[in-house]
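Chains as they are written, first to last, in the working numbering: chain A, 6 to 286; chain B, 450 to 590.
These are calculated hints, taken from the structure and not from any lab test.
The structure displayed is predicted, hence computed values, not measured ones.
To give an idea of the interface, some chain A residues facing chain B are shown, with a C-beta separation under 10 angstroms as derived from the structure:
id : residue
1  : Arg72
2  : Val215
3  : Val243
In this text, a Cβ means the ideal position worked out from N, Cα and C, and glycines have one as well.
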Amino acid sequence: MSLVHSPVLMFLVSIVAGFIGAMSGMGGGIVLIPALTLVGIPIKHAIAISIVSVIATSSGAASAYVRDGVTNLKVGMFLEMFTIVGAIVGAAVTIAAGSEILFLAFGLVLLFSWGTLFIRKHSDAHYNRPADRFTTWLEHHGSYYDHAAGETITYQGRRAYIGGPCMFGAGFIAGLLGIGAGALKVLILDLAMGLPPKVSTTTSNLIIGVTALAGTSVYIAAGYVDPGLAAPVILGVVPGALIGTRLLRRLSNRSIRNFFLVILFLLGIEMILRGLGFFGG
Amino acid sequence: MNASDHTSPPPVVPQTKEEIDERRMELMVGYLLLAGVIVSQVSLLFGLVLDYIEHGTIRLAYLIKGMNYFQFLIHDILALAGPHAWGARTFVNLGIALLMFTPFIRVVASVFFFLLEERNIKYTLFTFFVAAVLTYSLFLR
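Take these sequences, add in the hints, and give me the full structure.
The structure is reproduced here in structure tokens:
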């Protein structure tokens, strides 16, 4: 295999991917995989490299969020039970699947993620409604200090019985496509479980690390991880994510969502076209 | 990166036993993740720099084939003990192994925290399940 690529280029692409991943709470993979396939890396290898780097992005960003007290650890740890099983199944499916299907699936998931960001822009705050008994039993409540708003936000989660099974699906997509699938996770945390946007974004980030690890194990076992290519990617993605994390904490919720719509949309279209056989697949 | 980022006081001051436990848990998880990422980054960077010194270019290209995570780790440790000790590839492998170990150890530490500190049976079982599935996945080959 002649995967000769400039480590410096890989490094630079990864910085950008990590930055966007942290800012959007979606993980670096959603930008990284289209970029890696554009420089000629086969999609299954791109997926495998990406999912290793997603561990780094997630852990790097999550370490800051968790210490800030924004992440809800109990919500995260409950949902991880579902995402990791989904990720293992998803990764196993990718290993058996054809490349065109993966391009197509990636493009569709990307556009769906795009859509969720757009829809959520219009949704109202809804995070102080009374909880059901199951969610109360799970202790899914908390409070955090919002730097942008300058006040402490208290919230009560709900409908964990919907959130859990949905997270299996998000984990499946993550393992299948080598991404964090943060948009799906945030959507579930936000709309189904009624958590505030910042709690959703940061808790999603925590879950992504463990989910990516489950997927990585499968890709390593299948021989799809190339450490020589993964190293510069991981080294780029983490500083990118750190910069993104620091900016995120100083921005209002709305500006986070608006920023990436155009880039994500174009990447999604590009992947679908490649899945359909344009650009030589 | 600069110290002024951390000058704001802890916003929600923990008061109840649950809140204090949660705060300690947050700090433990946060610093575990941070340490894991930093150590793995340093190892990866060192590996690439070593490769550059050895070959005048960064050109590591190889696949981890047919090994589970633990075999991969043992492979590294044996390489460290062998005559070709501390090669570029060893550091890169170690960096990836440490990166994978980071969320894993976070989950394992959480099991013990919920069991011993917070004495929360529910979450001890939840995190134990996650740890068990991850351990299984790391043994895949």
